[in-house]
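**Q** Here are the chains, one letter per residue:
Protein chains: 4
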Amino acid sequence: MSSIQHIGVFTSGGDAPGMNACIRAVVRTSIFHNLRVSGIMRGYEGMINGEIESLGVKSVANIIQRGGTVLKTARSDEFITPEGRKKAYEQLKKAGIDALVAIGGDGTFTGADIFQSEFDIPVIGIPGTIDNDLYGTDFTIGYDTAINTVIDAVDKVRDTAESHDRLFFVEVMGRDSGLIALRSGIGVGAEAILLPEVDTDLEQMYERLEKGRKDKSSKIIIVAEGDNEGGAFPIAQKVKERFPHYDTKVAVLGHIQRGGKPTCADRVLASRLGFAAVEALMDGKRGVMAGVMNHEVVFTPFERAIKHISELDPAWVRMVGILST
Amino acid sequence: MSSIQHIGVFTSGGDAPGMNACIRAVVRTSIFHNLRVSGIMRGYEGMINGEIESLGVKSVANIIQRGGTVLKTARSDEFITPEGRKKAYEQLKKAGIDALVAIGGDGTFTGADIFQSEFDIPVIGIPGTIDNDLYGTDFTIGYDTAINTVIDAVDKVRDTAESHDRLFFVEVMGRDSGLIALRSGIGVGAEAILLPEVDTDLEQMYERLEKGRKDKSSKIIIVAEGDNEGGAFPIAQKVKERFPHYDTKVAVLGHIQRGGKPTCADRVLASRLGFAAVEALMDGKRGVMAGVMNHEVVFTPFERAIKHISELDPAWVRMVGILST
Amino acid sequence: MSSIQHIGVFTSGGDAPGMNACIRAVVRTSIFHNLRVSGIMRGYEGMINGEIESLGVKSVANIIQRGGTVLKTARSDEFITPEGRKKAYEQLKKAGIDALVAIGGDGTFTGADIFQSEFDIPVIGIPGTIDNDLYGTDFTIGYDTAINTVIDAVDKVRDTAESHDRLFFVEVMGRDSGLIALRSGIGVGAEAILLPEVDTDLEQMYERLEKGRKDKSSKIIIVAEGDNEGGAFPIAQKVKERFPHYDTKVAVLGHIQRGGKPTCADRVLASRLGFAAVEALMDGKRGVMAGVMNHEVVFTPFERAIKHISELDPAWVRMVGILST
Amino acid sequence: MSSIQHIGVFTSGGDAPGMNACIRAVVRTSIFHNLRVSGIMRGYEGMINGEIESLGVKSVANIIQRGGTVLKTARSDEFITPEGRKKAYEQLKKAGIDALVAIGGDGTFTGADIFQSEFDIPVIGIPGTIDNDLYGTDFTIGYDTAINTVIDAVDKVRDTAESHDRLFFVEVMGRDSGLIALRSGIGVGAEAILLPEVDTDLEQMYERLEKGRKDKSSKIIIVAEGDNEGGAFPIAQKVKERFPHYDTKVAVLGHIQRGGKPTCADRVLASRLGFAAVEALMDGKRGVMAGVMNHEVVFTPFERAIKHISELDPAWVRMVGILST
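Protein chains in written order, with my numbering: chain A, 1 to 325; chain B, 1 to 325; chain C, 1 to 325; chain D, 1 to 325.
Next up, chain A with everything else stripped away, as it sits in the complex (with noise of 0.2 Å):
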């Protein structure tokens, strides 16, 4: 039998679309469970400021579908020091909360690591993020979103490229993992993707680019931010300097990245892990984040979790460069 009686949910770092179906998960479940289920708003600064609010079935009706989160988020400088933790700590035994589910990304799940090795309250992390950069989930929630909302972007974008026969760089989000470049390259058929992990072949690259002239009208190529090129705008410079004769844009696609409507990949996912994260607590697990990996929910001790994933399976950089040849 389960000794958790109340339980915190909050979100923190990045949003990322399907945090709000992870929150209605874990209302939901612990309600089931005749637990109590709090919302602490922005994250742990929120929890030092004692912003907590009852969370009940009608706090998170509707909302499944909603991008951002209901219980908005933060970055808190504060937490980082003990005794911003120690007032964290304070405000939750004075609501009456004794376990805490943190639904974010590496940042986060540091925290909560410190923090469940200071005081005697168990935490569960969730992994919401759009950036999938976590071991011990294949997949974040938020990632899913945020490729479709990538290759519905670039879908645009070749419509333009496509009548003006035009080469374009789009940059999308990704400083340390190529992962939101990858698949959604992938899924627009771009010509090249640089990413982060893999050092651009800038003369490849031209090749490739000569060689498709024949064929394809548009040329799409994908980059990440963190690509080490510095981007797409240096690039795009140096192909214009390279063949002046190319017709050179690029786009950025920023923020939009981070919000929309949350898939439904991403919308049971972030159901699975909210739902499961609840019965974990139940069950007395503490300081790991909750993942799904080949289909099966499994959990990871926060300090494995958040160590960042930097390498890609040769067999798929194989198969991009033979798709967009």
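It cannot be assumed that every hint is accurate.
Identical chains blur together in the list; that is why a pair holds if it fits in one copy or across any two.
[As the list claims (entries may be wrong)] Okay, derived cross-link-like pairs now, SDA-like style, lysine to any residue, Cα gap no bigger than 20 Å in a straight line:
| no. | residue 1 | residue 2 |
| --- | --- | --- |
| 1 | LYS240 | ARG304 |
| 2 | LYS58 | GLY212 |
| 3 | LYS211 | PHE32 |
| 4 | LYS58 | MET41 |
| 5 | LYS249 | GLU225 |
| 6 | LYS240 | ALA74 |
| 7 | LYS249 | ASP120 |
| 8 | LYS94 | THR325 |
| 9 | LYS211 | GLY96 |
| 10 | LYS285 | ASP77 |
| 11 | LYS58 | ARG208 |
| 12 | LYS307 | GLY230 |
| 13 | LYS238 | LEU209 |
| 14 | LYS58 | LEU209 |
| 15 | LYS211 | LEU35 |
| 16 | LYS58 | ILE322 |
| 17 | LYS238 | VAL297 |
| 18 | LYS87 | ALA315 |
| 19 | LYS58 | LYS238 |
| 20 | LYS211 | GLU303 |
| 21 | LYS211 | ALA61 |
| 22 | LYS58 | VAL70 |
| 23 | LYS238 | GLN91 |
| 24 | LYS307 | SER3 |
| 25 | LYS94 | GLY230 |
| 26 | LYS93 | SER117 |
| 27 | LYS240 | ASP176 |
Hint data in this document are derived by calculation from the structure and do not stem from the laboratory.
Given chain A's structure and the hints, the job is docking chains B, C and D onto it.
**A** Frame of chain A; chains B, C and D shown alone:
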């Protein structure tokens, strides 16, 4: 070394979003490997009639994002007969085609299996169907798009249901399989999901409806067309009789579920499988369906792939019960 | 100077996308002019029951993009009776409301017209209905969204129709008015558009179908539900009997046409009319519907606005005939 | 009776969603009237080079819903010279084309006006540009799609802005015209809309930002790229200096605004104008742009149509001020 020189690709059975992305991958991979590649129009029907066209990179430019199939599809009664298959074989020989990639569902693979056992033409299958009802792949091409089409439609229905405090029965595709209903039902936060695999417990549904009345103003029940109650209309009728004071409506989503731009996941899956099928033919594989299980490409004999999945994971059923309570 | 001090706003009849944008404009404009503003829930039903809530800028934050109506809507049998209207009036007096903005269609305005003739509460109406069937405005709020929802759905249907060389009968809303069918039919390039306003000439349609067979592989016929043949199913049945070799299917779009995020045109129209209605009440107007004709805001007496439009511009009918040939 | 026998149609300048729907209408209307019709590729550039293709019903099947232009578009330096235009004329004569439909913007019509004054080839223009900056039509083809693309993107930005309590400056297209900014700004409920036509009053904007802080958690300011402050980045910089405690971000929407499936309004407008242009040529009209004003098709001489609109209706400016307060 491969003895394959000329691949024929076709789509057959019901069309599914992502088929074009798959055709594109087959064509581009074939060309990369210096193989000839031709498109066979209208599935087995076109094979029998010799509707075969040589394909190049240009043929598949700008189709990755398109729903439907540029090779068209049809059902063929003639191919069921030995005479029909003989004709088909002769047309392939005449065109110089010595290997096939068959994109479709169980009917397609049943035909392909007989054909490749009768003639010296290796065939690799690729699962292209919105139903996700094949063994040997976690997802079929088109399924992810279909469930996203469903949730987009139900999100719209929810707007009007919410405004009127209505109960909506939404019927989705799935004569034998409840997989579209299951994931889309979770995705929309349905109050209940009625599936062919589970005997509908109307009394339990009635209870849940009554219980939820005070908390939620709208209610959505997802009904797979193959549900044992006979679809959305008969169930809605029963509910109207039981609860005449409810404002009950039915929406049958129908053929919109087959169309639309493929999602990123479907484009990526289709690209991977098209790519893998060509390389598998070159490696001497035949009589198998290419699929992705636990993120790896795997090959399953046709006779095994076409066995319908008829059980749902009880863990999912339990979760749905809890989340919709 | 205006003697109005406290405006009540409500939505009534069928919901329409853009109603929330309109409510927002009513609230913000009232507040700008230092008027109090309250929302009356569930139309006349909530008015009678005194379901009235004070609204502020926060109440309408982040709703401009939402389908449905946050004030909910209902049909009221009681308001048809003098006793019901008396109760409604007393509730308004009790709440201190001295003017009304009624967002809805002909039923809403019929009620509003009687009410404002019986009591000293001025009412301005705003046309919120997807049907676009009111005099005194070129477009009603929700119509533009509805026709875009239809063309999105039919674009999906076209994908599958095209893949199978199918003929699809798509039924759209419009019991008395063919305006949804007309514009969406032009928008999808329909082979024929069947409308309540025009007697369906089946022989002409048969001819056109036969003539077009060689040029177009798919065919879409848009049928308004109020067509004199009785909707899509009976017509499809007749065509099946006449042309048994056609692959004929039916899609009934249903309630998805009422929901969804409003288009930009609907949000702008809703904002203009909400704004104009408040200023018109301040100027002493009453018993009129605000509309936009030839891009200018105009006011039309309720009794005139609710006359259904029953004729189509013959120039449009001729154009449809030529474009679909 | 018309002496026209063979119409050439082309798109020129920036592409705009709906151009394909317009091409389709030109082709189908021509064929209905037993005229030949050819497509001239890449605007004036292709005309000079004789890139001319005969078009039939099949050529325009299934394009009504596609963004971009199947005839492609380009800018032509050579057409500015008398020699270039002479070559173009000779190519048309060679192809037997005796009338032109020119789909584009002011540059297109400037060229068309000179051309039709120099040679005996009548030209009718059709306004295809997302900027909506031509006299003689209430809306240009592509404008409605562009503003809907903007609001879809900003709705996504709003999700993340709302989650973080951020202030976003969103830059939209419009070097000389604020019409995209104006309507999309109303559509998203922007806190301010900065336009080329109105000198930006930064102090007023600062006041409004401060005033609104307590009521709204997110703030969106729409900036036309031609705003006198120089676009979104410089303004955001000034705001950051003035209010360092704001969390201020910039999103530049860029070329996604040119692409995408046309909205229903754009498809209908494009169909009407393509249809009207052909019949106008048959009626002997030339040197005019077809447009729709107050819902009627009208024709405006090129020299008048290309005068940019540089004033905004003060009533709209006042309304925007009140709604965003």
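**Q** Could you tell me which of the hints above the structure violates, numbers in ascending order?
**A** Hints 1, 7, 8, 9, 10, 12, 17, 18, 19, 20, 23, 24, 25, 27 are the ones this structure does not satisfy, whereas the remaining hints hold.
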